[in-house]
Amino acid sequence: MQLLLTYDVVTTTPEGRRRLRQMAKLCEGYGHRVQKSVFEITCTDAELLTLLDSATRIIDVSDDSVRVYRLPSNCFDAVHRLGVAEPAPHHDPLIL
Amino acid sequence: MTELLNTLYVQTQGASLHLDHDSLKIVIPETPKKTLPLRRLDGIVVYGHVSLSAELLARCAEDGRSVVWMSLSGRFLGRVDGPTRGNVMLRHAQHLSHADPVLRLQIARSCVAGKLQNSRQILLRGARDATDQAQVTLRSLAQDIEDLLGRAEDAGTLDELMGLEGQAARLYFEGLSHMLRPLSDIPSFANRTRRPPTDPVNALLSYLYGLTRALVHGAAEQVGLDPYLGFLHGMRPGKPALALDLMEEFRPIHADRLGLNLLNRKQLRKEHFETLPGGAVQMTEDGRRLVLTEWQAWKNKDWPHKLLGRKVSASLLPVVQARLLARHIRGELPAYIPWTVG
Chain A
1 MQLLLTYDVV
11 TTTPEGRRRL
21 RQMAKLCEGY
31 GHRVQKSVFE
41 ITCTDAELLT
51 LLDSATRIID
61 VSDDSVRVYR
71 LPSNCFDAVH
81 RLGVAEPAPH
91 HDPLIL
Chain B
1 MTELLNTLYV
11 QTQGASLHLD
21 HDSLKIVIPE
31 TPKKTLPLRR
41 LDGIVVYGHV
51 SLSAELLARC
61 AEDGRSVVWM
71 SLSGRFLGRV
81 DGPTRGNVML
91 RHAQHLSHAD
101 PVLRLQIARS
111 CVAGKLQNSR
121 QILLRGARDA
131 TDQAQVTLRS
141 LAQDIEDLLG
151 RAEDAGTLDE
161 LMGLEGQAAR
171 LYFEGLSHML
181 RPLSDIPSFA
191 NRTRRPPTDP
201 VNALLSYLYG
211 LTRALVHGAA
221 EQVGLDPYLG
231 FLHGMRPGKP
241 ALALDLMEEF
251 RPIHADRLGL
261 NLLNRKQLRK
271 EHFETLPGGA
281 VQMTEDGRRL
291 VLTEWQAWKN
301 KDWPHKLLGR
311 KVSASLLPVV
321 QARLLARHIR
331 GELPAYIPWT
341 VG
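Top line first, the protein sequences correspond to chains A and B. Note that the numbering used here has the first sequence beginning at 1, numbered continuously upward. Note that the numbering used here has the second sequence beginning at 1, numbered continuously upward.
One should not assume that every hint holds.
As the list claims (entries may be wrong) - Reference excerpt, derived from the structure (chain B facing chain A, CB under 7 Å, subset only):
1. T12
2. Q13
3. S16
4. S23
Stated by the list, open to error - Listed below are several chain A residues computed to face chain B (Cβ distance under 7 Å; list not exhaustive):
5. A24
6. E28
7. G29
8. C75
9. L96
Claimed, not checked - Listed next, the in silico BS3-like pairs over lysine-lysine satisfying Cα-Cα at most 25 Å (straight line):
10. K266/B with K311/B
11. K36/A with K266/B
12. K301/B with K25/A
Keep in mind the hints are simulated off the structure, nothing from the lab. Keep in mind that this is a model prediction, so the values were computed, not measured. For every residue, glycine included, the Cβ atom is placed at its ideal position computed from N, Cα and C.
Extracted from the complex, chain A is given alone in its bound form (with noise of 0.2 Å):
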């Protein structure tokens, strides 16, 4: 399944810049970074629940918040992209 991952966490206080940088290394360990906090996400449906609720510990309920949408498959081959932006390798060979 394909997801759109995007969160907001408040980073006015020093346990506020934490939260931001655990939610970052969770997503990262789940799919690619797109934008500063804009994840693509392809996973199976225990992933997901796993990733939810490892998002669930991290975030503040009453400050930050998480969207994530569920994608029709193969969407990420049919983004439009200007400037800056590359397509992430979800199923690409990874050859470096």
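Fit chain B to the supplied structure of chain A, relying on the hints for placement.
Using the frame of chain A, we list chain B on its own:
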């Protein structure tokens, strides 16, 4: 529906890989850092001088994600795969089948039959596109291999079987040379040389066999078979005999056919190969990059599997075959049936 996870290939010399929480951080000097989600990878293959952090290795071992080291020329060096998993009963059954000369010969015969059948199909397929003269030669070579296939069925000893396989291999490589279109800048292929390969076509074949072998070795481990205890290939320390056995039927399709395509389409050219002092030929970094890209695409190609009655992607075929072999060893299937194309 099995999802195919990606394999990461790192061949940029001087790169280093680190673990960062659940993601993999790739540091290549003078390029921006990259992060990849570790859970989207089912394996990491590194070529030559690439370093991996101890934490990353430990994590990969823990998750059962294989890490494979290859030499720059694509020779298999080593592999880390976590604790031995799978079923001790299956491994015990494997040892018992190995000790039983009749069973052992029967499985070895299946492996050779698979290889011969697939080689024959490659030649016949090549004959379709060949010119008149080459067409006749290819068809007659395919016929000769078919005769050997019949004789392999009656082979009474492993040595006899190996002999027949060798004869077939000679015929087959002769056929391959007729299937290569005349290449302006790459010397044509005369016969198979290895350790080291001494011409570009052999260098490419060796590289592709290395990739195939890593795939098959992983499949045997995944199913819980001991990759070092083979039936056709004898026991020797450090020799993954079962991986080599299982690999036989995949050589023609997974490696040779892809290699022929790359050369005949002129995707690989002279500048993708370099000669080392001493005469060994190896691929350049660009050449390897090109081969790996095509290999990844080739692995995703679906092939019909007669026994399963459905299509299976090339990267999963070795796993399917290893499972079939495991079922035969456990006595659930009367024989090991190799995968054959066409």
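Evaluated hints:
1. T12: With a closest approach of 5 Å, the T12/B hint holds.
2. Q13: Hint violated; Q13/B Cβ to chain A Cβ min 11 Å, cut 7 Å.
3. S16: 11 Å, violated
4. S23: It holds, given that the least Cβ distance between S23/B and chain A is near 4 Å, below 7 Å.
5. A24: Violated: closest Cβ of chain B sits about 10 Å from A24/A, beyond 7 Å.
6. E28: 4 Å, holds
7. G29: 2 Å, holds
8. C75: 16 Å, violated
9. L96: 5 Å, holds
10. K266/B with K311/B: Not OK: K266/B and K311/B at ~29 Å, beyond 25 Å, violated.
11. K36/A with K266/B: Between K36/A and K266/B the Cα gap is close to 42 Å, so the pair fails against 25 Å, i.e. violated.
12. K301/B with K25/A: With a Cα-Cα distance of about 34 Å, the restraint between K301/B and K25/A is violated, given a limit of 25 Å.
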